[in-house]
Structures are given as C-alpha cells and as structure tokens.
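Number of protein chains: 2
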Amino acid sequence: MGYSDLDQLAINTIRLLAVDATFKANSGHPGAPMGMAPVAHVLFNKFMNFNPQNPGWANRDRFVLSNGHGCMLQYALLHLFGYKVTMDDLKNFRQVDSITPGHPEAHDTPGIEVTTGPLGQGFANAVGLAMAQAHSAGVFNKPGYNLFDNYTYMFFGDGCAMEGIASEAASMAGHLQLGNLIAIYDDNHISIDGDTKCAFTEDVTKRFEAYGWHTVWVKDGDNDLEAIEAAIKEARAVTDKPSMIRLTTTIGFGSKLQGTGGVHGNPLKADDSEGVKARFGFDPKQSFVVPQQVYDLYHKHAAEGAAKEQEWNQLLQKFGAEYAAEHADLTRRLSGKLPEGWEKSLPVYKSTDAAVASRKLSETVLEKIHDVIPELLSGSADLTGSNNTRWKDAVDFQPPVLGIGNWAGRYIRYGVREHAMAAVMNGLTAYGVNIIPAGGTFLNFVSYAAGAVRLSALSRVRAIHVATHDSIGLGEDGPTHQPIETLAHFRALPNCMVWRPADGNETSAAYYSALTAKHTPSILALTRQNLPQLENSSIEAAIKGAYVAVEDPSATVTLISTGSEVSICIDAAKNLKEKHGVAARVVSVPCFEVFDAQDKAYKLQVLPDNIPILSVEALSTMGWERYSHEQFGLNRFGVSGPYKEVYAKFEFTPEGISKRALATIDFYKGQPVRSPVNRAFQQIL
Amino acid sequence: MGYSDLDQLAINTIRLLAVDATFKANSGHPGAPMGMAPVAHVLFNKFMNFNPQNPGWANRDRFVLSNGHGCMLQYALLHLFGYKVTMDDLKNFRQVDSITPGHPEAHDTPGIEVTTGPLGQGFANAVGLAMAQAHSAGVFNKPGYNLFDNYTYMFFGDGCAMEGIASEAASMAGHLQLGNLIAIYDDNHISIDGDTKCAFTEDVTKRFEAYGWHTVWVKDGDNDLEAIEAAIKEARAVTDKPSMIRLTTTIGFGSKLQGTGGVHGNPLKADDSEGVKARFGFDPKQSFVVPQQVYDLYHKHAAEGAAKEQEWNQLLQKFGAEYAAEHADLTRRLSGKLPEGWEKSLPVYKSTDAAVASRKLSETVLEKIHDVIPELLSGSADLTGSNNTRWKDAVDFQPPVLGIGNWAGRYIRYGVREHAMAAVMNGLTAYGVNIIPAGGTFLNFVSYAAGAVRLSALSRVRAIHVATHDSIGLGEDGPTHQPIETLAHFRALPNCMVWRPADGNETSAAYYSALTAKHTPSILALTRQNLPQLENSSIEAAIKGAYVAVEDPSATVTLISTGSEVSICIDAAKNLKEKHGVAARVVSVPCFEVFDAQDKAYKLQVLPDNIPILSVEALSTMGWERYSHEQFGLNRFGVSGPYKEVYAKFEFTPEGISKRALATIDFYKGQPVRSPVNRAFQQIL
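Protein sequences, first through last, are from chains A and B. According to the working numbering, the first sequence is numbered sequentially starting from 2. According to the working numbering, the second sequence is numbered sequentially starting from 2.
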C-alpha cells in the first residue's frame, strides 16, 4: 500500500511508451496497454519475482498476456525492468526482424513466456504453466524445499473471454484447483466491433464461479492501486482455486477517444498523443521518454528478483546435498537433456511379429519409455481407451483432495477439450523443466485444435499429438470422423512433423524423432486397425523420414505410401509381379518433413530417376505431387461401414493399386522420367 | 400428463432398437439412446410438430442431436414415426452406403436436420436454427400470421458441454435471447474416460445461467415422464431466454452396465442384451421388435403433424392474398431459388479503375447485392471494420429489446467466436428458407473454425467465409496472424471452394460462384492491401476457376498465381521481357476446385504442354504441384513488418519471381514438358 506520485509516473511512462511505439510504427494497439498499465505496474513491481538477467530462472513467476495485441505493454515492462529489450527495440516495434513483433513471440524476445495474439491461446497456455508448476512441486518439493512455488499471472480481455478455447481451459483449471493461477480480466467493455453489449452480455464473473474459480472485482482499475493490490493479495491467499480478478478499466485511458473502439487497434493521432502527454505531465513534443526515477524504481525490483534467484540457487544446492538423486534428475531436466540411453527402451520388431494397430504400438512405446523419461506427461481429450495413451500403472494428474490422483501424476484428463489440450501442452512445455506432453485425440479432431497446434509450431515447442483413428480405416464412425484433409493441413504447417508410421519399428522411430526434436511439435497419425510388421523396416531407416521397403532392380514403377497403406502397396507389388509380370519398388515415407531434410543423394536413392512414382494414401492427394508423378488417394469424404469394406469401396486394395500402377507405367512409357527430388531452385526457409 | 404402460412400451421399444442395431453392427453407442429414450418420447410425441411425409415443412419443429454418436435414438424415432427410414435401414446401421451411418448426416437421411457427431457442433447448429426461426419470424410474420414460430430442440451430453464451440454458441444464444431454443442436457455423469468427476466438475447449470439462459432440473430423467413434460412446458413458456433442461439420466438404462462408461461406446454383450429385453417384457430371443401399438401411437402423432402442416399451408395461402409481395418473396425463398437477375448487380471493373484491397471489393459486392438478395445475412466475428462485411445501412440482428437492432436485421454480431460462427452459419442454412450466411474473420482464424467448416463441406451447405488478411500481406500483425498452411488445408477439404481473387472482377466472380453453389461452402481469401485491376480479367473468365491473364505466343514459361501475387507476376513478365528478353505467360487461378471441374481442352488451353509452369503464391507451396512444375511460395512462418518490406524480404517481387522463372526455364531446357493437366488415371470422386 502507500502509492506515490512515482507509481503514477511509472504507470504513465508505460502508457506513453505504448502511445509512442504504436505512433512510430503507425500500427498496433495502444488501448489495452493504456488501460492495463496500472495493474501491470502493481503486479510486476509489488508481487512478481523475476530476474531480468536470467529470464529462464526456473521458479520465476510467469506472466502471460493472453490479449497479445496489447504487447507494447509487455515490451515496455521488459525494457523498464532491464530485460534485453532496448529502447531501440521499442522504436523498432512491428518492424521486419525486430524482437518486438506485432504480437509477442516467445522465441524472439527475452522475458516473453509464450507466443500469444490469437485470442484465448494465452489463457490456456497459462493454465498449462500453472499445471507445470503444480506438477513440478508435486515431483520435487520436499519439506523445507519449496523449489517450485511460483505464481502464473495472466491478463485476458473480452476477446479471450469469448473464445471457446478459454472456456475449455477455464473449466479445466477450475477442476484442477490450480491455486497458483491468477487471471486478470480487462473488463473494458470494448472489443473491435465497439461496445461489448452488441455480442457479449453474459455474466463473466458468475461463469468463472461456475467453473470453480475464486473471483474478485476491482471496480476502478484505472486509479485504485490499493484495490488492485488487495485483489491480488486476496487471490494469492486462495490456494485451492484459481482466481479471476475482474478489473474494470477504461481502454485507452488518457486519450481523447478513451473508452471507445477507436483506441483499440489504431495508433493515437498526433494531437491526441500530445494531449495525453500533456495530461500526464510529460513534454508533448518528446517521445520515448523514461524518467530516470522510473528506471531506478524498476531496476530496484529487478535486483530484488535477482537476489531471490540467488536464494533459490542456494536452496537448490542444499537440496542436492539432501536429495542427491532428485537433484540430479532436476538439474538434468533443467538442462533440457533427455536421460542418457533412454532410446534403448524403444521397442523393436521383427517381421514375424504379430500385426498390431499403430495406436497399440504407440501404447507399447509409452509403456516401455515412461519409466526412463519421467518428464513425459501423457493424456487424452477423453479418449483414453481409444487413443491408448495411458500406461498401465499411470497415476492421474489431479488435486490430491479428489482422491483420484495427485500433483505428481503424469496422466492428464483433458476432457473433451481438444483446443485447450493443445494450448495447455504448449504451456506445459514453456515452463522450462523439459516436460514433454503427449496428448491424444482422433486425428480428425486435431483440427479442433488447429489454432494451438499452429502456435506449437511457431513457438517451436516439443509437443506430441497422439492422433489415432487416422483415416477411413476407423470404419463405422463414418465421414464425420474420417480425416481427409488433415494430413495435408498439418504437412503444410511449417515446423510441424507429421508422422504416419506403417508398423512397430516406424512407430518407435516416430517417437524417437518426436522426443528428440526439442523445437518442433509432432503429430503421430495412428491406426485403429491392425498393421503387419514390415520386412525391411527399422528405426534407423524410418528416422530418415523415408526408406525403401521393397527394392527391385528391375522395377518399372515405385509405389510410395504411408501408414496402413504401405503393407497394401507391398501386396500390390506382389500382385503386379504375379498377375502382370511387372516389377515394382515400394517406399515408405512416414514423415515428409524429416525426409525433406535428408541430402539429395539419399533422396535420389529412395526416389530414383527413370522410374515413375505412384503415391498411395487413403486421404487427400494434396501435397503428394512433391514425391510422385501420379497420386492415388481420397479427394472426397469417406463412408460409414466396416473398414475392410470401406477400403474395398474406394479400391485401396492390392488390385486397386495395381490398376493404377499399370496406368502410371503406361502413361510414362517412352517419356524421360525425372525424379521429383530434382528441383529448379531452393525454397526460402 | 397421464402416462400409461403404452408410453413405457414405446420408450423401451426405442431402447431395444438401439440395443439391436448396435449389436448387429457390432459397433456404435447404445448408452445415450437407452438413457434418453424417455425424454425423446415425451418430446417427440407430446410437443413436437412435424410431418414425416414432408420432412421439409418450413415451420416444423427442429430437432438436433448434438451428441450425434447416440444417433440410433434418432434413427429409431424417425422409423417409428413414419419417416422414410425402414426397419431394413435400421438393420443396416453403420454399413457402407446405408442411410443410417455412424453419425447423423443431414443429406442422407430424411428427418435429420444437421450433420452431427463431432462434439459441440450440433449445439451451435441449433443456435443457428433458432436464429433462422427468429429472423424468418421477424421478416415474414404479420398480425394473425405466425408463419414461423417453431421451436428448436436440441440434446447434448457432457462431451458437448466441455467443447469450447458449445460454450461460444451458448453465450451467443443467451445474448440473443432465443426464446424458442430448448436444449436438453443429458446429465449422465459419464464420458468415454468414465465418470466425469475426472475432468468435468463445473456447475453446468450455473454456467448457463451466467450466459442468460433459463434453467430447469429434472432429477429423474429415467422414469419421471411428468417432470420431463413439465420442464419442457416451463421452457416453452419462457419467451425471452433460451432454456436448458438439465436431465439427470442413467446411461445405458436397463443394461447390466448401466451408469458406467462400459455402455457408452460399445454394443451390449449378447447376455446383457437378452437381459434388458427380459427386464422390459420383450422376448429375449427376438430382435428389432416394434409392437404394433407403438407404431399406432406414433403414427397418430405423425398424422396430427401432417394436419398441422395442412393448416399452415392454408395460412400461407391466406397470407398470399393479403401480403402478395411478401408471399412471393417467401415462396421463392422456400423454392431455393435466387431472385431473377440478381447477378446484374455484381460490380464490374475496367483495368483503368483504381487499385483496391479485395476486402474492400468484397464490401462493394455486399453493398451492391444486399438489396437484391434479401436472404443474404452478413456478419463478423468481431472484425467488422477489418473484414468490411457490413453494408452501410445494415441493421443488426438483435433482440429488439436491446435497442440496437431487431429480428429482421441482417447483420450478425458473432463476437470473437469463430468456431461457433461457422457452425451457426451451418444451422442458418439448414433452416431451409434459403438463408445465405456470410461470416467474416481473418483467414488465419478460419482455422479456429476448421471443425465447423469441415461439416459445411460434408453436409453440403452454402456458407460463405469472408476471410480477409489472407497472407503476409497483412503486415505488422506478424506471423501469429499470417496464414501459411491455411489455403492448402481448405483446398484439401472435399467440397469446399477456396477463392483467392486478384482484383475486382475476380471478387465478383467469387461471389457469383459462392452464391450459386447451393451445396458447397466457400472461403473467400481477401487482401488487406490494395490490388490493381487486371487487364484481362472478367467475371466470365474468372468463374472458370482459372484463365490466361497475360498471353504470349512466344512464351517459354507460364507463371500461375492467385490473388495479390497475380499482379506481381504480371510485373515479373514485363521484367523478364525487358531485362532478360524472355517471354512469359501469366495465369490467374482464383479457385482450384472450380478449375478442376473444367473440361480438359480448356485446362490445356490455360496450362498448355511444352511450357514449364512456375507457381507463385505467398503461402505454403503444398498442392501447387498439381498445376505447376516448380513452386515459389512460403514454407516457413512470416514476419511482422510493413507489408511491402515483408514481401521484399521473401522476394515476392518482380525480380524475385523473374529469378525463379529463369531457373525454371533453365531446368526444363531440352526436356519434353508435359502439362500437369495430363494424368495417368482419374480420381475417385
């Protein structure tokens, strides 16, 4: 308590940095920073523990700006507290290759925890960060060693509050009783279309209470710093519920247009900007001004944060003396390394082993590796028995008071909330203790999570989507559940590995690749139906993304395929030889992205010149032209029925493939055939 | 009131049809039908008006099964009431090419209003159906002529309740005060992972109250038919709020496994099935049994429904005498035809007209055609000023009591709820009065709505997604908002037209095609930045999906492109000629799907043999191999900055394109070049 003019000066400094940066960029959102500067000041300067010199300190308090368009607020704070965000960076707001892009990007800017902007994502990321804190505490905290007790603070606006993903995440957080999660709702009654009364008139506070959250209302978020402080204190005192502080503010506080949509997404006009400066006691003609006493105030708090990190480091050292094994495990995790030799636990198969669905093969991988990779957290969006994501003795991640699990539990019940699941997974990885989340749903419903999977890729995190029921092979559930466009969609997404393994060794390879790709999410597309173990498959071959499953020096056609269709292609090759006297090669390409990264010599070995290539996959042909001359796929919706009949209807049979292989051979007869591996120029990457 | 043994017999008949059909199919979900048979019986037989002989009667009550996996409930009801769903159809449940697929599909089965199964979709569809009713009433009802006063009933389960899309739609319905919407929540405490206590412990009733819904609780939904009837009566009496009836039931009622997850998604075992039959007084050894008195009971209600339709038809006739113009308009709409000559209102441009952003060109189309197509309902997910979706004198669709619009209003404020928006649009079209919804958001956030867009395509509805800010050309908002994979994603989706117009005429063509495609949704990808009007563009050329924008008989390369990159390609062609003495053709392909449908002769005219083709689009190259030999695109994320600088960074400039065109020419020099239009075999469609 006891706020002075200096506090107000700091708040106005933040506001004006947002005004100046958006004005200079002639682009951006001044309104939210101007409205939320008071709460940001109180929160960062009175409550949050962090060390700008080491943004990665494991027990720092986390801050997420879910209304990411307001990022000048965050950039201003980072600069003022002494993170490596310079005044020049602020002046470069929204410029090409700056570290101050139009929305916060975690990998670009020191102090940004997660990439936000697409509304609702940050809300769910924060739930993931709070879960990671609770889990880390459950695993590592010991009496006298509260190694993980940080808070996760998150700002969100009306836009986030309207998004379904935030509803899903809020329901989940309420169920999980995440006491260290504090969300501050910028209740400014303005969204892009103007007054929220045109579309959003629900009782947000009551809704959060329905989810099981503690709620507080600060009626004057523009001026009442004491009330803001009291609300945060109250929220921190509630340990068995997440808290939502409804903070009524005036968007664009200080502008002529304050309280209107006019100040949401457009810079202030020159005269308005000057007027705000005058009103706040600043020189109207100067820009990017920070009074020294504001730097001093914030640097003092930053120094206190650095001291807290020192204390924590000493605690960690002491912990090491008492709990050597746990300490070793924790420091390994903090280093971002997987345990030495973990990959020896991956199952390996012989071609004589039984046919098994790849969702079951995935289960076997999880069963074998969960002991050696203790930071692997599995889960499912309410499809556990179908996704096969749960190892036998798994303990649920649950508040202990529910009696069905504990904080150290490693199996997450996400509920039927695919979008929140994927965003929570992003939050879990962002916590920085090497957590590797694996979340299950049907491949078709990864589409519900597209917004969050996209941010996994953009923010370069290791999240594993266990996507079962990966084609018409799921059978009776029918076209509402049978993916067609889904693999093309995610293969087109940069920095996302889409794996569709054909057997046990390929499934192990997919996990190997997914677990070792520290900066890339993976989607593992897995079958419901059984798949035979292939003759020439191995982990070593499959981790190249593609390999020759059947070689034949006299081949006049190459069949290239993935997953459940590879073994049908192998049967087609037999059929071609026996019935038509035609020799065929078969290539399995479980992962496009990984194959693309191989050298050209290897790629030409897999897909040589002078042999026409036919692709076979029971989904959209889109994208297959990159590896083949002709494409056999499904560019229509599937049908409901027993899967073998569905496959037969669409001719994904040895005969159906043979027919098209013969047509391909015929079509290229007498033509020179260049492998599609050859390209005229390189792509920009 | 006054329920007899016959009611119970009817209920048990429904239950056993679900048991038998799932048993015979060895697949499916008996639990929900067994639990919800009582409420279905009361609702369908006591309240709902419908005529099985004419499932399209405009003022029928609508029923939506949002928990679509329970579709045997619906199929059984349709059969028993006399829709064209035979006992053989029930016996063919979940078989290839049956009209009783694993989840309800609107276009396949008489009496199914919307395609459901992906959880939460039906919930939002029902909100759309109720909005369509309110709107139709607002437009056509007159004193003494309540032409549109039907109810929309919807069942949903815990799964739907957890999905964000249902939260979004529920918030919207509460805001809109949709009094004729009644949702019945199957509160059975079971989802696939077992007891909902593991993931879903919120207070659902309180949440719906927060949204502004009226709520009722029926504590014994298994047996208390009177309470069910009273609850529905109460809900119908509330006219200024949607109602949610929490109906506590026992999943799989009657089974040995009732009340457990074991009966959710698996058929009953033989002994269990027999036991249920015995318990219900049926012969344990017989299957698919319907007592004649059950048929009689339901057929009597169906006959009453047919009589009500007759009354309505007479009312409509009388309405015609008094309101001739309105009657003519309504009958036209019901016939599914657009007004004669509407297309004359589409704007046409000359190449000398000013450069304009295609989002503005889209606005001009809406401005010009909204008067002639009164069933066009525009809207935006809170991006009205950015999407340019609102014509100047538009009236908002709002409850009149709010004072900001009325029921006849044609501009929908969807809020920041992209997923619900798309699903509500599906519901609006499904109402059957020719409503054409156009809903705006950024192209990147159509991905949030992917689940619903997919169902637009599968259920063959005319919905128009106005998707602005369609590339890195949006500039400063940066990679979180710049689509890369999005066009590939939706181009891979069957029965979905993706338009990316290059100028004014192409934008008009996109609207022409979208508005006349009665069974196909469209995504219009539109720019933020200005585009020049092209020399050779015309509506006639563009509605073929692709056309030659620059012809040159001496061309040694074809540049094929879309949208904002077409005019850069035209400049590149000039650059090639002037700087390198190389002649180039330019092809604009605003819509792949429409071009694919042209005859081969036309396609070869656009993309002739013997000239190598380079594609240019500032998004993922995925899919472009279908029309080109080499691809220039963006297979990485964009950056935040002024758009011209972003374009320059990635070399989407005349020089950058020229460089790659020269590389393409060089690469194919001396090689025979076959147009990709030639294929070895036809795709299965």
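Don't take each hint at face value.
One copy or any two copies: either way a pair holds, since identical chains are not told apart in the list.
[Claimed, not checked] In the EDC-like style, the derived pairs of lysine to aspartate or glutamate whose C-alpha atoms are separated by at most 16 angstroms in a straight line are:
1. K143 <-> D204
2. K198 <-> D397
3. K578 <-> E552
4. K234 <-> D98
5. K578 <-> E210
6. K645 <-> D98
7. K286 <-> E656
8. K650 <-> D98
9. K578 <-> D272
10. K519 <-> E652
Calculated directly from the structure, the hints in this document are not laboratory data.
So, against the hints stated earlier in the document, which numbers end up violated here? Of the numbered hints given earlier, those the structure breaks are 1, 4, 5, 7, 9, 10, listed in rising order.
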